[in-house]
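Could you build all of it, start to finish, from the sequences and the hints given here?
Top line first, the protein sequences correspond to chains A and B.
Anchor point for the first sequence: position 95 equals 94 in numbering that gives the first Met the number 0, and the numbering is continuous, going up by one each time.
Anchor point for the second sequence: position 66 equals 65 in numbering that gives the first Met the number 0, and the numbering is continuous, going up by one each time.
Because the hints were derived from the structure by calculation, they are not lab data.
Careful: at least some of the hints might be erroneous.
Okay, the calculated bits of chain B under chain A, using three or more residues with CB under 8 Å as the criterion [stated by the list, open to error]: (1) 14–21; (2) 40–50; (3) 66–78.
Note that beta-carbon positions come from the ideal geometry of N, C-alpha and C, so glycine has one too.
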Amino acid sequence: MRIPILKLHNYLLVSIQIDLDDQTAIDFQEDLLSKIHKSGATGVVIDLTSVDIIDSFIAKVLGDVVSMSDLMGAKVVLTGIQPAVAMTLIDLGIHLQNVPTALDLEQGLIKLRQELEE
Amino acid sequence: MITKSSVQINKEWDIVGARQMGRELAKDLGFGTVDQARIATAISELARNIYLYAKKGKIAYETVEKMNQKGLKIIASDQGPGINDLSKVMEDGFSTSGGLGAGLPGVKRLMDYFDVVSEPGKGTTITTIKWVR
Chain A
0 MRIPILKLHN YLLVSIQIDL DDQTAIDFQE DLLSKIHKSG ATGVVIDLTS VDIIDSFIAK
60 VLGDVVSMSD LMGAKVVLTG IQPAVAMTLI DLGIHLQNVP TALDLEQGLI KLRQELEE
Chain B
0 MITKSSVQIN KEWDIVGARQ MGRELAKDLG FGTVDQARIA TAISELARNI YLYAKKGKIA
60 YETVEKMNQK GLKIIASDQG PGINDLSKVM EDGFSTSGGL GAGLPGVKRL MDYFDVVSEP
120 GKGTTITTIK WVR
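And the structure:
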């Protein structure tokens, strides 16, 4: 399964709406990086509103994709992390420090604009 | 009434199957959304450990009851290499797989009861329980 990545001006928008298995998560990582490369996008919002489980593996993939995109010159913001997911991640001992987050897609886009100083 | 069921872990996608099944059972038992997420995440970690270290094994589910309290027992078992140093794997941040998995301390924090029995060369059985609040 492939997660759709939409382009909007110089941003990429992703809404993850499936229960992520490991392979889909890894494919998504590759797809996003190649899409950043091809499109020259400067900002990415990954919306997690519909995700009700983030385990340590998915958290690592998401954290890595933020760092990888950063290396390529694109800022990534994760949005819409559910209360239950936030509580579970902290229980697991995963803090996702240095990962920019925002409440929802709208706030995420505002945050990107600020970070990119547009 | 006690219900028992299980999911075999043989391939990577079984991790998703095991946690979805756990979530369904937790929902049916009356767990709230946060505890459903905790249980499903704990199962995901346990199933991934099986897949990574033992290649195959089983996640078993059992409803339990004590003094009018209902709970869900999750038993993760495999006949894999076992754990050589149990005290070490219970340390936060310890990993033999190069950073994958938050490990057993994370699972212990997500659940109410946690027990691990392991014999090197023979396998590992991890038993956890979450009680409905």
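Unsatisfied constraints (hint numbers, rising): Violated: hint 3 alone.
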